[in-house]
Amino acid sequence: MNDELILQHGLTLDEFQVIKDYLKRDLTIEELGIFSAMWNEHCCYKTSKKWLKKLPTNNEIVIQGPGENAGIIDVKDNDGIAFKIESHNHPSYIEPFNGSATGVGGILRDIFTMGARPIATLDSIRFGEISSDKTKYLLNGVVHGIGHYGNCIGIPNIGGECEFDKTYDFNNLVNAMAIGHVKNDSIFYSKPKTIGGLIVYIGSKTGKDGIHGASMASDVFSEDDEDEKRPSVQVGDPFMEKLLMEGCLELMSSGLIESMQDMGAAGITSSSVEMASKGNVGVHINLDKVPLRQPLTPYEILLSESQERMLAVIDKDNNEKIREILKKWQIDYEVIGEITNTKRVVFSSNEKIVVDLPVNIIVDDAPEYDREFSLPKKRKKRNFDTSKLDIEKMISNYMNNLNYLDKSWVYNQYDSTVMGDTIKEPGQSAGIVKIHNTEKAIGATTDCNPLYIRINPEKGMIYTVLEAYRNLVASNIKPMAITNNLNFASPLDPNIMGEIVLSISGLSDIAKKLDTPIVSGNVSLYNQTNDRPINPTPVIGMVGCNSNWKNLLQNKFILENDELILLGKSLGTDFSPYFLQDQKITNSICDFNELLAPEINLEIKTAKFIQEAAEKNLIQSSNDISRGGIFMSLIKMTQKNLGFSIEINEEKDIFCEYSAGYILAINPKNKEEVFSMLNQNQINYLSIGHVKLNTFEINSKKFEYSDMLEKYNNNFKKIIN
Amino acid sequence: MRIKILIRLKNQILEPQGKVIEQSLKSLGFEDFSNIRQGKLIEIDLPDSLNEEERSLKIDTACKKLLVNEIIEEYEVLG
Amino acid sequence: MSFKSAVITFPGSNCDRDALTYLRDLTQGEVLNIWHEESSLPKVDLVILPGGFSFGDYLRSGAMASKSNIIHDVIDHANNGRYLLGICNGFQILTEIGLLKGALIQNESIKFLGKDCHIKKKFDNKFNCNIKDNEVLQIPVAHNEGNFYCDQETLSYLQDEGLIAFEYCRGEYQIDDANINGSLDNIAGITNKNKNILGMMPHPERAYQDFHASKDGKKIIESILS
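Chains as they are written, first to last, in my numbering: chain R, 1 to 721; chain F, 722 to 800; chain B, 801 to 1026.
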């Protein structure tokens, strides 16, 4: 076993020595493969573990926190919501269609492996500059792939984000989130319970897909790499997964399964090792029993990431009944091993033992690093000259920037209403589905403000979480918990490590104040090509509930003459990073001012007010203010022939970012009561105008209504072609 | 014996993928490529013991019953 | 006498639960769920072939489902004059069986299309009789292969016999085209000669509840029950 082989497997020589010293012998090639998969960043979180431990992960609504396939929160009456977000960044850069499709497949398995029926997905996708052909290719491939998988398996896509920034030119991001519904007394875990229980393989036959996928996820690309890495990408079969999902859910509801784990990154290796670790037991698997698509060596079987496969532990008495059920769903099924009491992971092939390792060296004793990190430098206060910007210019800058335009080109390629329970489709402040046969509404959003986080990781993260919070509040969904996908560049650079440490710290801080624990998540590091790291992009998936869908708030204008009320505090031109960047005042990261302190108390107070006002039916519709300011918030509220007319003194404030920012549309007869409530709560507000038919008027400047909407709705398609 | 069946949309039916492929090829400099249509290939192993007539009959029956929708598609057995 | 109905589930059907809920909420009678491998179908008044990706849409959408065991009895059910409704993939299956004319091919845009669309009645039948002439319905579509095709002779036949049930049209504030997928003559749904079988691409079962964006899908069932 030479040094080159060890390094090719993604282990440092030091790490290898630790293993060798522990075992007091040489490793087999299969054992090296196992450590290659289990000890890389994606599986063992060696860089981030120390810091992730600081996150709040529990409160009275958390049924399952981080550590299982998905987090689960209690939404009362024995209903639980399982959810998680995961990345498939590197595979989707190499082969965008399959890379993103299998990302969706993977996250859905994480949900139904816990006995939860998936009820919605969201996707957060980021690309480089659209002027590049490569970006166009990636955009088309990723959206096609996500749609292909989600549509076929029949789970509605209810929201997400789509951002374009040159920071992602060589490292596009694909984060897939899924939400499922489970009965709290029927949750399945991966922990096996019985010594002597049979380990069974359920699903697609194993092939060469994705061999070394988990290591690929942690490798930094060099520009020549792409073609060499191509065979590694897994190919998914959503039809197979639909059958697998139905088969597994049927098995679980018939009480025939003891525990279940899906085979994702590092395939059979990670699922069997994790089962052993959770249950504090051993596993013995005969690789000869694994159903194969083509001849494979034991090494290849161990590392294959063929999709749509599950591992389960069952009582041997249930074997035949399980076989019957799976036969109906045309799913392959084999008994491949058993649970032992040795606390060792043993794989045999051809009557030889090829792997014999104690579980704890693979999992509990996996490396944990305390990497050096540096804090961002202090910023000098700058004043920016925005005098050349008039309303027409500011509108035009946004209407020609993909990040501000209507994204139906993306989400019309997804099925958003399958399963018949969608209340809010993509394009609204949050995606919302009803839990079948109940009145409960579950809302979700994904958000990230990489520019803010680049300027100040800690504060920027707080702003990001608050934006997600406002997205839910604007629909009257009570925010409950968070899943997070931390996408960063190489942690070996102290500056990047600083971004990781500080954004986790900011997340921890705000999650505690909002009482929204982090129940699941994923870390994706080394997102950089040569020396170009991506901006820090820790994506937040936030989920909440309203016990009755009838109490939800609309996000679109409903009635002519409704009065428009502005809540929140403008950050002003000097302190609105997206305004300064996208109005082309500056694009140098060094120029931006320090972020203003997030107004956490104001956000919480305002959210409480909105909830109370909604309960009293005082609000016709509302929308939150984020990137693009009041202008974008209003344009998103227009529908049919319902436009608006507004007057605001500080013209530029219309396009700046806000803290605790919302636009409320109020029936004039409710004005007094609303103002009275706001005054009582000491929340500042401004009456800025009203809903007006076929009108798009700002400070007495009239813009042609249908022309403005035509730009907003059609420019995305024009720009990307 | 390995049988190859080529299945195509009938000529009069718009084949949108072919059009897009043609545009892409043209933009890559293949100016003189035209009239591109995309089809599909189905490969099947049949026992060598069958004679040509038996093979032909089985293939045609399979095509009519399942593999080909004769309202919109036509097929050709290759080789 | 109560109205009995059934929804057939194929491997890969994913709108079967939606169709079952639709029928249970809007009809008073028994609603059965029949697995595609059953060889016999109980006597019911209405059978729905639901949407989804039966057999993954592999080979051609609906091709393999059309050869399932249960199809024999579905054909008998239709030949006895009882109602048969094929929604989306169900419509594709009906054309593959040959109970409806024409075929559904890939959307002209080559992309999956998932959004609200607008349709109106073209010719009367028992599935749309409660809908007024020129009344515009808003119902979601979600399909890759929704582009209706038939040869000129068949098109003339469908027009002459009044078998075009629904056609795509523009909604009140819509700026883009009425025809969303390239379908010949804007055809969104057709019946057989006897008008007891309807195939339609839009999903009425996603447009009938109070929380849905539109309740126009109710009118299909209301028409059948009237």
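What the hints contain is simulated information worked out from the structure, not anything from laboratory work.
Idealized CB from N, CA, C, for every residue including glycine.
Heads up, some of the hints might be wrong.
[As the list claims (entries may be wrong)] Okay, the calculated bits of chain R under chain B, using three or more residues with CB under 8 Å as the criterion:
no.: 1; region: 147-157
no.: 2; region: 356-370
no.: 3; region: 666-680
[What the hints assert, rightly or not] In silico EDC-like pairs for lysine to aspartate or glutamate, Cα to Cα no more than 20 Å straight-line:
no.: 4; chain 1: B; residue 1: Lys1015; chain 2: R; residue 2: Glu161
no.: 5; chain 1: F; residue 1: Lys740; chain 2: B; residue 2: Glu953
no.: 6; chain 1: R; residue 1: Lys640; chain 2: B; residue 2: Asp845
no.: 7; chain 1: R; residue 1: Lys636; chain 2: R; residue 2: Glu563
no.: 8; chain 1: F; residue 1: Lys786; chain 2: B; residue 2: Glu837
no.: 9; chain 1: F; residue 1: Lys731; chain 2: B; residue 2: Glu972
no.: 10; chain 1: R; residue 1: Lys321; chain 2: B; residue 2: Glu837
no.: 11; chain 1: R; residue 1: Lys717; chain 2: B; residue 2: Asp976
no.: 12; chain 1: R; residue 1: Lys640; chain 2: B; residue 2: Asp976
no.: 13; chain 1: B; residue 1: Lys867; chain 2: F; residue 2: Glu794
no.: 14; chain 1: R; residue 1: Lys407; chain 2: B; residue 2: Asp916
no.: 15; chain 1: R; residue 1: Lys717; chain 2: B; residue 2: Asp977
no.: 16; chain 1: R; residue 1: Lys636; chain 2: B; residue 2: Asp976
no.: 17; chain 1: B; residue 1: Lys911; chain 2: F; residue 2: Glu743
no.: 18; chain 1: R; residue 1: Lys136; chain 2: F; residue 2: Glu794
no.: 19; chain 1: R; residue 1: Lys556; chain 2: B; residue 2: Asp1010
no.: 20; chain 1: B; residue 1: Lys915; chain 2: R; residue 2: Glu4
no.: 21; chain 1: R; residue 1: Lys556; chain 2: B; residue 2: Glu972
no.: 22; chain 1: R; residue 1: Lys718; chain 2: B; residue 2: Asp976
no.: 23; chain 1: R; residue 1: Lys53; chain 2: R; residue 2: Glu563
no.: 24; chain 1: R; residue 1: Lys556; chain 2: B; residue 2: Glu1022
no.: 25; chain 1: R; residue 1: Lys717; chain 2: B; residue 2: Glu1022
no.: 26; chain 1: F; residue 1: Lys731; chain 2: B; residue 2: Glu953
no.: 27; chain 1: R; residue 1: Lys550; chain 2: B; residue 2: Asp873
no.: 28; chain 1: R; residue 1: Lys636; chain 2: B; residue 2: Asp916
no.: 29; chain 1: R; residue 1: Lys407; chain 2: R; residue 2: Asp707
no.: 30; chain 1: F; residue 1: Lys731; chain 2: B; residue 2: Asp951
no.: 31; chain 1: R; residue 1: Lys718; chain 2: B; residue 2: Glu908
no.: 32; chain 1: B; residue 1: Lys995; chain 2: B; residue 2: Glu1022
no.: 33; chain 1: R; residue 1: Lys388; chain 2: R; residue 2: Glu563
no.: 34; chain 1: B; residue 1: Lys867; chain 2: F; residue 2: Glu791
no.: 35; chain 1: R; residue 1: Lys640; chain 2: B; residue 2: Glu935
no.: 36; chain 1: R; residue 1: Lys692; chain 2: B; residue 2: Glu972
no.: 37; chain 1: B; residue 1: Lys911; chain 2: R; residue 2: Asp406
no.: 38; chain 1: R; residue 1: Lys636; chain 2: B; residue 2: Glu972
no.: 39; chain 1: F; residue 1: Lys747; chain 2: R; residue 2: Asp515
no.: 40; chain 1: R; residue 1: Lys640; chain 2: B; residue 2: Glu953
Consistency of the hints with the structure:
no. : hint                 : result
1   : 147-157              : holds (count 6)
2   : 356-370              : violated (count 0)
3   : 666-680              : violated (count 0)
4   : Lys1015/B - Glu161/R : violated, 29 Å
5   : Lys740/F - Glu953/B  : violated, 26 Å
6   : Lys640/R - Asp845/B  : violated, 40 Å
7   : Lys636/R - Glu563/R  : holds, 16 Å
8   : Lys786/F - Glu837/B  : holds, 18 Å
9   : Lys731/F - Glu972/B  : violated, 37 Å
10  : Lys321/R - Glu837/B  : holds, 19 Å
11  : Lys717/R - Asp976/B  : holds, 13 Å
12  : Lys640/R - Asp976/B  : holds, 13 Å
13  : Lys867/B - Glu794/F  : holds, 18 Å
14  : Lys407/R - Asp916/B  : holds, 15 Å
15  : Lys717/R - Asp977/B  : holds, 15 Å
16  : Lys636/R - Asp976/B  : holds, 18 Å
17  : Lys911/B - Glu743/F  : holds, 17 Å
18  : Lys136/R - Glu794/F  : violated, 32 Å
19  : Lys556/R - Asp1010/B : holds, 17 Å
20  : Lys915/B - Glu4/R    : violated, 53 Å
21  : Lys556/R - Glu972/B  : holds, 17 Å
22  : Lys718/R - Asp976/B  : holds, 14 Å
23  : Lys53/R - Glu563/R   : violated, 47 Å
24  : Lys556/R - Glu1022/B : violated, 30 Å
25  : Lys717/R - Glu1022/B : violated, 39 Å
26  : Lys731/F - Glu953/B  : holds, 16 Å
27  : Lys550/R - Asp873/B  : violated, 42 Å
28  : Lys636/R - Asp916/B  : holds, 18 Å
29  : Lys407/R - Asp707/R  : holds, 18 Å
30  : Lys731/F - Asp951/B  : holds, 11 Å
31  : Lys718/R - Glu908/B  : holds, 18 Å
32  : Lys995/B - Glu1022/B : holds, 16 Å
33  : Lys388/R - Glu563/R  : violated, 31 Å
34  : Lys867/B - Glu791/F  : holds, 16 Å
35  : Lys640/R - Glu935/B  : holds, 18 Å
36  : Lys692/R - Glu972/B  : holds, 18 Å
37  : Lys911/B - Asp406/R  : holds, 18 Å
38  : Lys636/R - Glu972/B  : holds, 19 Å
39  : Lys747/F - Asp515/R  : violated, 57 Å
40  : Lys640/R - Glu953/B  : violated, 40 Å
Checked against the numbered hints given earlier, the structure breaks hints 2, 3, 4, 5, 6, 9, 18, 20, 23, 24, 25, 27, 33, 39, 40 and satisfies all the rest.
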